[in-house]
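Given the structure of chain A, go ahead and fit chain B onto it with the hints provided.
Protein chains: 2
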Amino acid sequence: MSQLKTYLDLVKTTDNYPLVDITQLPYAEDPEKGLYQLLLPNDLRPHGFMLPSVVRQMPWTSDFSISHERPRTVQLLDGSNGSNTAEVCNAAFKKVIDKAQEAQVFANLHKVWPEDYKVLGAKYEGRVQLLRAAASLFGVSCRGAHMTVYTRTESGELKIWVPRRSKLMQTWPGKLDTTVAGGVRAEESPFECIVHEADEEASLPEAMVRKNARPVSAITYVAESAAGSGGEFGLCVPDVLYCYDLEVGQDVVPQPQDEEVEAFYLMSVDEVKDALLREEFKTNCASVMIDFFVRHGIINDDNEPDYLEIVTRLHRPLPVPTSAA
Amino acid sequence: MSQLKTYLDLVKTTDNYPLVDITQLPYAEDPEKGLYQLLLPNDLRPHGFMLPSVVRQMPWTSDFSISHERPRTVQLLDGSNGSNTAEVCNAAFKKVIDKAQEAQVFANLHKVWPEDYKVLGAKYEGRVQLLRAAASLFGVSCRGAHMTVYTRTESGELKIWVPRRSKLMQTWPGKLDTTVAGGVRAEESPFECIVHEADEEASLPEAMVRKNARPVSAITYVAESAAGSGGEFGLCVPDVLYCYDLEVGQDVVPQPQDEEVEAFYLMSVDEVKDALLREEFKTNCASVMIDFFVRHGIINDDNEPDYLEIVTRLHRPLPVPTSAA
Numbered sequence: 001m002s003q004l005k006t007y008l009d010l011v012k013t014t015d016n017y018p019l020v021d022i023t024q025l026p027y028a029e030d031p032e033k034g035l036y037q038l039l040l041p042n043d044l045r046p047h048g049f050m051l052p053s054v055v056r057q058m059p060w061t062s063d064f065s066i067s068h069e070r071p072r073t074v075q076l077l078d079g080s081n082g083s084n085t086a087e088v089c090n091a092a093f094k095k096v097i098d099k100a101q102e103a104q105v106f107a108n109l110h111k112v113w114p115e116d117y118k119v120l121g122a123k124y125e126g127r128v129q130l131l132r133a134a135a136s137l138f139g140v141s142c143r144g145a146h147m148t149v150y151t152r153t154e155s156g157e158l159k160i161w162v163p164r165r166s167k168l169m170q171t172w173p174g175k176l177d178t179t180v181a182g183g184v185r186a187e188e189s190p191f192e193c194i195v196h197e198a199d200e201e202a203s204l205p206e207a208m209v210r211k212n213a214r215p216v217s218a219i220t221y222v223a224e225s226a227a228g229s230g231g232e233f234g235l236c237v238p239d240v241l242y243c244y245d246l247e248v249g250q251d252v253v254p255q256p257q258d259e260e261v262e263a264f265y266l267m268s269v270d271e272v273k274d275a276l277l278r279e280e281f282k283t284n285c286a287s288v289m290i291d292f293f294v295r296h297g298i299i300n301d302d303n304e305p306d307y308l309e310i311v312t313r314l315h316r317p318l319p320v321p322t323s324a325a
Numbered sequence: 001m002s003q004l005k006t007y008l009d010l011v012k013t014t015d016n017y018p019l020v021d022i023t024q025l026p027y028a029e030d031p032e033k034g035l036y037q038l039l040l041p042n043d044l045r046p047h048g049f050m051l052p053s054v055v056r057q058m059p060w061t062s063d064f065s066i067s068h069e070r071p072r073t074v075q076l077l078d079g080s081n082g083s084n085t086a087e088v089c090n091a092a093f094k095k096v097i098d099k100a101q102e103a104q105v106f107a108n109l110h111k112v113w114p115e116d117y118k119v120l121g122a123k124y125e126g127r128v129q130l131l132r133a134a135a136s137l138f139g140v141s142c143r144g145a146h147m148t149v150y151t152r153t154e155s156g157e158l159k160i161w162v163p164r165r166s167k168l169m170q171t172w173p174g175k176l177d178t179t180v181a182g183g184v185r186a187e188e189s190p191f192e193c194i195v196h197e198a199d200e201e202a203s204l205p206e207a208m209v210r211k212n213a214r215p216v217s218a219i220t221y222v223a224e225s226a227a228g229s230g231g232e233f234g235l236c237v238p239d240v241l242y243c244y245d246l247e248v249g250q251d252v253v254p255q256p257q258d259e260e261v262e263a264f265y266l267m268s269v270d271e272v273k274d275a276l277l278r279e280e281f282k283t284n285c286a287s288v289m290i291d292f293f294v295r296h297g298i299i300n301d302d303n304e305p306d307y308l309e310i311v312t313r314l315h316r317p318l319p320v321p322t323s324a325a
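Sequences listed follow chains A and B, in order.
Last residue of the first sequence: 325 in the numbering used here, with the numbers rising by one and none dropped.
Last residue of the second sequence: 325 in the numbering used here, with the numbers rising by one and none dropped.
These are computed hints drawn from the structure, not numbers from a lab.
All of these numbers come straight from a predicted model, not from anything done at the bench.
Incorrect hints may have been included.
[Unchecked claim] For lysine-lysine, the following DSS-like pairs were computed, each having C-alpha atoms within a straight-line distance of at most 25 Å: (1) A:Lys211 - B:Lys175; (2) A:Lys211 - A:Lys12; (3) A:Lys273 - B:Lys211; (4) B:Lys5 - B:Lys159; (5) A:Lys273 - A:Lys5; (6) B:Lys99 - B:Lys118; (7) B:Lys167 - B:Lys5; (8) B:Lys12 - A:Lys123; (9) A:Lys5 - B:Lys123; (10) B:Lys123 - A:Lys12; (11) A:Lys123 - A:Lys95; (12) B:Lys5 - A:Lys123; (13) A:Lys159 - A:Lys273; (14) B:Lys118 - B:Lys94; (15) A:Lys12 - A:Lys33; (16) A:Lys175 - A:Lys5; (17) A:Lys211 - B:Lys273; (18) A:Lys5 - A:Lys159; (19) B:Lys211 - A:Lys159; (20) A:Lys175 - A:Lys12; (21) B:Lys211 - B:Lys5; (22) A:Lys123 - A:Lys159; (23) A:Lys167 - A:Lys273; (24) B:Lys273 - B:Lys12.
The shape of chain A in the complex, shown without the other chains (with noise of 0.2 Å):
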């Protein structure tokens, strides 16, 4: 059997791109790390990061001017006077990235989700967005929210429901995972989301979710793209898990009702725990139960000697804008 991990360990697998300041580009000499940024019209804020084998590859189109000069750049144009920067920017994602799609050179971007995620930070009227499974390569925030149910017994102990994954999904499958979990699209705001996977993934009935459930934290943290995740390797992915905590009822039992869950499992928390260590939480959702964990006493200052290193971590500063001042 492998070495137990420690709660830090588990975090420092959640947030791995190394603690360089990735916004003082280039932080490398060496040419493949010397990161583009990603710069939006009139706005002098990277909102993205890319590799430079990625803006090698990528077919840009008129709407973008590459610098490859230091500081590296690519830069979004906007023709319309700054009268729709918003629409212009969203037009121009599609554009490039359905030339890539065409191309076939990114392997990111045959990835099913049909949906588009939200740039943070952007200042303009209306939203920016680009295809979820672009987002990525282009190096700017993604958002997931997650939500811990749990219920408490007569005699008052903590249980967490937790889910397993399908076998058969394409990520991390048969990995234990938050009650309710899903990307937010970018159309919608995180507790939007929240209260449809609920349904759609542990069926817990619209007006309890609405009700009941409470935002309490955010975790952040700098993703690089592993080797065998089935995309590009080595990109610097910006995340937010906006979470949640849902107290319910001993009479309430989370069902599977989409393909995505195998089965829900009411386990106390010192199963939680050794679940934890073994590893066999998909790692992000391993970072929202220590979050969950910290923010319940369970696993305090008094018990655990990396408690302040663990507490940092999980709330990492991103470095992209995350809101439009």
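What follows is chain B alone, placed relative to chain A:
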């Protein structure tokens, strides 16, 4: 009336050291800004960062070796061959601090706290500690513990117990504060600090606090000491606040016991919000209340445009180690 602040403004007022990579010293060519790394024996990780003006004025003993070359360092020496490094460090700190107090070179050292603070992340057998009033001069981490006491009315409304500091306090007179808070002495845990402060400041029974106080998070920030604080200014002070929640019944009423608290008010969430945005709270207590609001869903992504920046900024990575490894 002055402009109302935003929650993010308040968090930045507490975490007000420039967002530079302090560990990559010197961060500026300005000779007054190139901080000195405080190095403990046989450990390459800086445990503190000291201002050039402080290094120049400190009446160093032979226990320390100062290098003015880059990287500038203050190296604590261990003549014991590592057999009792913690004691060697503690004696060296005491000797130089005593000497500085006698010579009356630093306003900070005239402050009255007689207790020691622990140096976080020291890797030896035994604890490394130094006089609380000297911690910020050496730039080592400081620890506080804060507990928010709240109740729910019959209708389920959340109300928070908020003390006003005595107008006679040396620091932050008349400001609103966390229900129970104090600096964590070297020899105690944050939880033990909360237990005795809950008695001393709010007359809350020890047994009830031990049973029901819940560790819920830690806030980390780096403060730049300000002119007018009664001590040296421009110091780089890494700070940790261990946060606890305590829900009590409506029959529990905190009562001032020592002379630090003028009165306790039972405030609604809206009253607390207003007081925060009018800057009526001691600055780091505002961060504790904002963290409480995040964890209780009062501030969330749907109602706060700066949500993600608030959440990450409440947990700034510290430039000093927080664990022995």
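Report task. Of all the hints given earlier, name the ones this structure violates by number, lowest first. Result -> Of the numbered hints given earlier, those the structure breaks are 1, 2, 21, 22, listed in rising order.
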